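Colleague: Okay, here's what each chain looks like letter by letter:
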Amino acid sequence: MKKKRTTIQYARALYEITTDLKGKDLSAVVHGFVSMLARDHKLKQAHRILSVFMEYAKERAGEMPLTVTSARDLSDRELVKIGNIFSKHAEVTPLVDKGIIGGVIVRTKDKIFDASIRTQLARLKKQLT
Amino acid sequence: MSINSIVEELKKNISVFEKQVEVEEVGTVIEIGDGIARMSGLAKCQASEMLEFPGGTMGVALNLEEETVGAMLLGEYTHIKEGDTVKRTGRILSVPVGEQLIGRVVNPLGQAIDGGTEIKTGKFYPVEKIAPGVMLRERVNQPVQTGIKAIDAMIPIGRGQRELIIGDRQTGKTAIAIDTIINQHGKNMICVYVAIGQKESKIARIVTKLKEAGAMDYTIVVVAGASAPASLSYIAPYAGVAMAEYFMDQGKDVLCVYDDLSKQAWAYREISLLLRRPPGREAYPGDVFYLHSRLLERACRRNQEAGGGSITALPIIETQSGDVTAYIPTNVISITDGQIFLEQDLFYRGIRPALNVGISVSRVGGDAQLKSMKKVAGKLKLSMAQFRELEAFAQFSSDLDPETKKQIDLGARLVEILKQPQYRPMAVGDQVAVIYAVSNGFATSVSVEGIQEWEAQFHEYFGKFKQPLLDKLSKGDWDEAVEKELKEACADFAKK
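Residue numbers (the working numbering), protein chains in the order written: chain E, 1 to 129; chain W, 1001 to 1496.
For the record, the hints were derived by calculation from the structure and aren't laboratory data. The structure displayed is predicted, hence computed values, not measured ones. Treat the hints with care, as some may be off.
Stated by the list, open to error - In silico DSS-like links for lysine-lysine, alpha-carbon gap of 27 Å or less:
1) Lys1044/W x Lys4/E
2) Lys109/E x Lys1044/W
3) Lys81/E x Lys1019/W
Isolated chain W (complex conformation):
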């Protein structure tokens, strides 16, 4: 473009520019501190409206009182003084949404924090939105493959489900979520990972891992780090789900991980106490249940008439020394459609993922499970249940009757086969084949310690010689012919 045309363009733009007197409604700061501001004026201010403070800092009106408005501040506030002018924006708190966000690391306001270019999407979604109603929903009928054998077989998750991941610190909660995101490669799923109150170093490690695995091509990472103000931690999951809703509105399936909601509850408690709302149990405010229920209700599977699409939610809750009867864990357990329990004991015994299959459940995912997996998993669940009952006798193995001993041997091998290293999600076909082989006794001759090695050889053999069969199993095909083929394949492998 020549200089002249640029000048022409500028002239044109300036000539159409209309002079306008801006009328703004304002208030005055009467109290500020701890990320909270109290203002007088702002008579027509709406709830959760954005307010502009001097220096461009934004705030959200939370308490509308007789003479004052209480707001939380979304950012730096040390420069704001008493008596400063606050402007109404007339906008409800909203975040930018769009394809441009994919592959980026953003803060809860949708601003890039990965050092990349500024994100311009041109489209905004409100952070708070009412969840889709009954008429727009449909049963969960498609699976989410986590790539983790124990979960896909025994605690299946469907698209549109809310499955809680709960456990103490350092039990592998995040690992499960990250493995699930990595496994969504090529599965037509967009992932949103919301990190709330996490250490920045941990987030950096996760993002690097996702990049290495090629998972950032379909993932948005929303970060409210440990150093971010409580207000950002509080809105982070809502911002994440708003970004997810944009893709759902286009009929796509989205997976949302909230890591973790206990920290969000802490942030909300902090804000509520500073706003002088009355504290209740464990000093949480009265609406802490609603805090999580309105977030998780936004996960849904919409029917075709409503445009289709789904949001699957994987909230994470950290318990303190295994206490699931605390306030927040019980709340979230009752909201979600099932939970995955992770236990420290199991973790230290080397059973990783440290899943307690006895009390982990999935209330709706069974409908969505592939037929092949369902058939194989039925037997697995039964054997595992029997094993748990007999486990106590395992130490007296010499005095047991042969039938019991057989069950214990099988159980020990099943436990071994359900172990899985981190960042190594497995295709569903492979999972079905190996679980079938073990639960039908093709591995009884292998020692328990040797199962891992046996499994590696098994997958190598199947990948080399039985690929068509694995493809069938991945599609969910299961009938007598397929079962026969699988049985023969297992026998062939056993012979080698």
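Bound conformation, chain E alone:
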């Protein structure tokens, strides 16, 4: 049986073979890749593969989308400072939520770092009861 390849595998493979290529080589490789997709009947999924590829490439380049939630507006300097803790190329999206009282909540792609006063209070309440 022919092994099925997933979208993620295609995207990663494309990234691996194209990283250090330029000009003519690049277009030759991309051409080869597209004909492989055609052979595997995967052309319909090209869009999806491309978006996964973009995400993967960003991740490899150290770019990291961050959502920073705080109780009041943070200055640009503060946001950059928070971003730098995670990555040099962090893309910070600030959010304001009065409900968290104080502190910050930083959300990356699949993790939440919760340093808000609301959560601390909830934990204190749990500890006292």
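Since the structure of chain E is already known, use the hints to place chain W on it.
Modeller: Below, chain W without anything else, positioned relative to chain E:
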């Protein structure tokens, strides 16, 4: 406590409180509905891990796929939207266990639903657990007294056995289980009654009955009612057996009733189909056998080196118009150590419990039967078997030879004596005495219709005058002296 000391205490508690950044792994809901959610992210999620949805609703991860995780939701989910954040908890699905649960009615997550106080046990057991292995087990060697004459005599159940109760609707399956629980009073047994997909009114009636009989002092009722989501019906028996395992780990004997497993199989089928697992026979998923086998394997008798204790399982299966060859009944019949067949015909003929003694069996319980009961039951079984063969001729009673007629007469009286009203379990000593009396011909002079009345008088007489003998029989003593004493007692009663 004065206000000052309370303030001091608070200050102390707050000063030791450590500020901590909570790091949580999260995912995003991409699809939700029918009690099922599909999420992206949650890369490190484990199988059957609990997930926290917004609003405190819990879910259990069931399908771990390439890019998504499929989970069933344990509760209200209408407020959850696409794009909501889901947190990992790092905990495998588990339920609270402990003595505090005894006497309570709880849902499969161990939360009280009897209107009482919140249950805090401090101890959790995982819902899914591998059953004890061969080296930890021992033969079934102690009886469970159901208090029902027909069962204790002919289909004996031992502690650690799995005995299936099977029959159509309205044939008295639950009645047998409830009578058994009521009869465990003072017998050092903790009972767990798991109601799956039952009407809430029926559960309320059962709980009231158990309370009246004083059986709630040693019983936990786990309820996933008809209105509960399929996920709760699916985990209910596992939650019940987890609660039972806690007591077994303390060396105690536990009786678990699963009422009923066909509804659990339906719930599991629903979840599986919604999770898009491929359907098989009768649209059940491929692992529906494992669904029941892993549950019933957890019933066991553990040897002393492993801490002792036992879990006896009484699963119930409802058949559709007597068809035991359907998928789920055959599966569970093959898993269990015997079955009690209940038949609608018998039920309507007034033979209650409507036990079909011909095809009901207990494969291991015989070893655990008391000696006195074993001796008496041997003769009973033989007479009943002969009666079943001759029953067809009973209508021509005038043309039969005296020997056959005698057997038919005896059989008719035995059938009559094995009838028993609901909620009236009988002590084993009484059972032995009355079965002995009838099968040895002390009731031949009584008409078949008069047997019930005769039996009542018999028990009254024995209770009044022969208590020491009944105690001996209850302990299982049986030798020539005891038999002689019993014979004389029966003769004495017959004279009166």
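Colleague: A separate judgement is required for each hint: does it hold in the structure or not?
Modeller: Outcome of the hint check:
1. Lys1044/W x Lys4/E: holds (23 Å)
2. Lys109/E x Lys1044/W: Within the cut-off at roughly 13 Å; holds.
3. Lys81/E x Lys1019/W: holds (21 Å)
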